[in-house]
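6 protein chains.
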Amino acid sequence: MNPPISRFPVPELKDLPEDIRQRILAVQEKSGFVPNVFLALAHRPDEFRAFFAYHDALMEKKGPITKAEREMIVVATSNANQCQYCVIAHGAILRIRAKNPLIADQVAVNYRKADITPRQKAMLDFAMKVSQQAHAVDDSDFATLAAHGFDQEDMWDIAGIAAFFGMSNRLANVTSMRPNDEFYSLGR
Amino acid sequence: MNPPISRFPVPELKDLPEDIRQRILAVQEKSGFVPNVFLALAHRPDEFRAFFAYHDALMEKKGPITKAEREMIVVATSNANQCQYCVIAHGAILRIRAKNPLIADQVAVNYRKADITPRQKAMLDFAMKVSQQAHAVDDSDFATLAAHGFDQEDMWDIAGIAAFFGMSNRLANVTSMRPNDEFYSLGR
Amino acid sequence: MNPPISRFPVPELKDLPEDIRQRILAVQEKSGFVPNVFLALAHRPDEFRAFFAYHDALMEKKGPITKAEREMIVVATSNANQCQYCVIAHGAILRIRAKNPLIADQVAVNYRKADITPRQKAMLDFAMKVSQQAHAVDDSDFATLAAHGFDQEDMWDIAGIAAFFGMSNRLANVTSMRPNDEFYSLGR
Amino acid sequence: MNPPISRFPVPELKDLPEDIRQRILAVQEKSGFVPNVFLALAHRPDEFRAFFAYHDALMEKKGPITKAEREMIVVATSNANQCQYCVIAHGAILRIRAKNPLIADQVAVNYRKADITPRQKAMLDFAMKVSQQAHAVDDSDFATLAAHGFDQEDMWDIAGIAAFFGMSNRLANVTSMRPNDEFYSLGR
Amino acid sequence: MNPPISRFPVPELKDLPEDIRQRILAVQEKSGFVPNVFLALAHRPDEFRAFFAYHDALMEKKGPITKAEREMIVVATSNANQCQYCVIAHGAILRIRAKNPLIADQVAVNYRKADITPRQKAMLDFAMKVSQQAHAVDDSDFATLAAHGFDQEDMWDIAGIAAFFGMSNRLANVTSMRPNDEFYSLGR
Amino acid sequence: MNPPISRFPVPELKDLPEDIRQRILAVQEKSGFVPNVFLALAHRPDEFRAFFAYHDALMEKKGPITKAEREMIVVATSNANQCQYCVIAHGAILRIRAKNPLIADQVAVNYRKADITPRQKAMLDFAMKVSQQAHAVDDSDFATLAAHGFDQEDMWDIAGIAAFFGMSNRLANVTSMRPNDEFYSLGR
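Protein chains in written order, with our numbering: chain A, 15 to 202; chain B, 15 to 202; chain C, 15 to 202; chain D, 15 to 202; chain E, 15 to 202; chain F, 15 to 202.
Derived by calculation from the structure, the hints in this document are not laboratory data. Bear in mind the structure is a predicted one, so any value in this text is a computation, not a measurement. One or more hints might be untrue.
One copy or any two copies: either way a pair holds, since identical chains are not told apart in the list.
[What the hints assert, rightly or not] Below are the SDA-like pairs computed for lysine to any residue, each with C-alpha atoms no more than 20 Å apart in a straight line:
no. : residue 1 : residue 2
1   : K44       : D152
2   : K143      : N114
3   : K81       : N16
4   : K113      : E196
5   : K143      : S154
6   : K135      : R63
7   : K75       : Q166
8   : K143      : E26
9   : K44       : A136
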């Protein structure tokens, strides 16, 4: 028997509203499995819809910050928040998007020692400040980002991702959301 | 001249997508003014839509936890995160919903000393743990909530609100979102 | 029946030593009510006398730091210490002294976002460091204050107020000192 | 040349108001030297008077908590606040009052490992909570103290001393108040 | 060109004292590569010898705590200390010793959510307390361990491993010790 | 009867392996008493040997950092870790090696206020960062040390001592290792 994927009730696919069912089937089609976050959050369809709309707006956005870099933000801040689901699932996505089997573990444990560029380090410094002490963010933080070539929209992106996954980390920890076994070895 | 309401560009109402414009006009109609969070977040229409859909799913939900109690969660956790916008705006809403001019300031500064019931204190203890150290939430926290009569859906509600406003607090701090002057005296 | 204003015994006015009774009557005359701190601390007459002598020496002092600015220090540091009595009572005094209905809530929640001058922000940065990590205060802090035009006596004033209210915050939290209802709306 | 005893101006005895001069001469008579706190704080006569009146009200008080135990509170909380003057000066007083050359260093570094009674440990647990997180003091803390035989007046004493020296620690750190050389070896 | 494995000079095998060279060759023989910790620490032969003697005394010891469990302690505490080398290298060893490809990532990010027994969770609770706040370890911690069947020698083992790797984590962070690429995929 | 020197079993000298017995007798010969750390750690002979080999490699090393300065590192970091044994025992050694009866207490409580040189303060700033947040050590820390004349080997020494005593502090706190009475007054 498999361990539970959430401390809360998990709906069956067939019982879900059609739009959510279709979204999940599409992910399954693409990934070969259904990441547990979809099933755990489907317990609350309205929140599910908002969560993934928000997620996609931030993570699928085109722009100077690459998709791999967006995943770096997720992985670094999620380990600071001790979120097992997010570090393991987004670690896999980061490895795949960066085509680099080492980067996710490096960024998770201590991004200051990771094989990243100074620009990426500045991005993660800011993301971590938003995640851990947003009240103290000030002009000097924005100036540092600008000095690394980030424009205003990039700054919003970084902050948005750090803030959104701060929420996601808390939900995953409260629900004891379990990462799928598949994630651990993807992209290695 | 008025001080800026966000460090980022703020769109004019007339330039917004119609659904967002309508939503904002409806709020203005009801409240007599447009809370700045609507204008500041409208800079990113997709994120705006997801943000308010999520907000409404959590804050407009019917259930044993009253709307005033939901606002207590917002106010207590937002002060812990030093979020000026959320404490001041939701403090106003809390005063109105609780029909109590004192409760918001009490809950913001130290909810342990507020005029609330033991059940409400247990709710806020849990919300603060989700907000500040969600990684350590465990069975004993759920047992304490259950002993105060909260069921599983209530627990999700509390956690969801604390997590969502953790995101909101970070966005407001990064954007230097300014509370409308109207909020300070509402409901006093 | 009114909720208690202190976890400890609260004397009646008629039973108090004459000097303390006179002091309290004078405050009542001036303010229209007796702030609970006077009654709660009167449980210990000698400590009462020392407390208010110290308070007045710091808060009634003439000098380049205005009375409103002194109250800003109280409000900002008291919220960091989660002291309900001090934030609410001195928030009222700050509103009155600054003739500004918004300033107290802004300074309480996150002074970095408040409508204050750079000189006032430097004053509060220092006050918060004294309040939260005085062991690390060093020459660079004094140099920053000097660069904003504060002289040595001003520096002592700021530190003295932050230190004194650090004590006051702890006393108020331990005694569960209750702010008078009047304070919440004063000066709004 | 001797190192300065304060970062701020230190008055000469002959220039002080007579009451302060007499108080200092009396201490010198009794101790054989003038503890630097008297000279450093004499820079502000009104604050000096209030400070020592408060100090004496708490530290010279008769009651079930002995003078040595009061000094234990000072020493433990002052090391938590990294206050060199208070740990060294009150460490000396503690050794003398307890007639125990070991107790001060033990209590300063980690009172949990000191040669003290369970009742004294409960007293210091409470004092440290008042010193470091007074906002969270609640009924359970008072119940623990009561179980060790402390009555309400004792609880006020412990809290008052922890709060007063929290102020004193901050003043000493900001002024870089230097402990007299005499203190280091007294009572050993 | 490979990135450096240490911020400090790294000796060549041929220049090392014979005992150290032999130890390293033996590891290479067994593992198929030389873990970088051996090369980085060989910069200081005497410290190298003491380090590995200590390591082996704790990690190769027979006893009720299995080798896999010892590695759990290393992985959990090393992530709390943000030590990239130790989490990644000992994560590999943990996977191998536990014959479980998932356990290392789970334990690293949040051991409270890992697939471990209650006894193992108690072991890690204690290890984390030793790692993060050893000053507060007290009788109740030992009683909890005893209730899970740990005897006195086991308690020493857990504490010793947490303390030793606390040192190791600091050395690895200061030297910017780089985990070998081989570790990331071992045992998956 | 004497209080126990360790929570764990303490072997008798006659039952110890000969090399350990000889080492202890040599210390006794030189110091006039056996520091309790030797007896407490002798419970585990292999760990004892590694511990003291490591200790000597770091503390007996010749170099630009004097033996007194090495002890300063121990005393400052050990008080941050609330380790009674290390502060008291190494405080004594520091007084003796520095031929200064005041220095140990100053450095223990707040080294920023101690009678030390700017170079020594930079050394302790770095040692404290290694001790308390090694994950954040970066190039700027090494540059600061270099500006004070420390070379690469010195930097390793400082870090090594801070890391080693971080381990030692944890072992002493877990074992409740008791400082010998002799240490308190040595060198005063």
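The hints, checked one at a time:
{"no.": "1", "hint": "K44 <-> D152", "result": "neither (41 Å within a copy, 34 Å between copies)"}
{"no.": "2", "hint": "K143 <-> N114", "result": "neither (26 Å within a copy, 32 Å between copies)"}
{"no.": "3", "hint": "K81 <-> N16", "result": "neither (32 Å within a copy, 26 Å between copies)"}
{"no.": "4", "hint": "K113 <-> E196", "result": "both (17 Å within a copy, 17 Å between copies)"}
{"no.": "5", "hint": "K143 <-> S154", "result": "both (12 Å within a copy, 19 Å between copies)"}
{"no.": "6", "hint": "K135 <-> R63", "result": "neither (32 Å within a copy, 31 Å between copies)"}
{"no.": "7", "hint": "K75 <-> Q166", "result": "within (15 Å within a copy, 35 Å between copies)"}
{"no.": "8", "hint": "K143 <-> E26", "result": "neither (39 Å within a copy, 30 Å between copies)"}
{"no.": "9", "hint": "K44 <-> A136", "result": "neither (33 Å within a copy, 40 Å between copies)"}
Consistency with the previously given hints fails for numbers 1, 2, 3, 6, 8, 9, ordered from lowest to highest.
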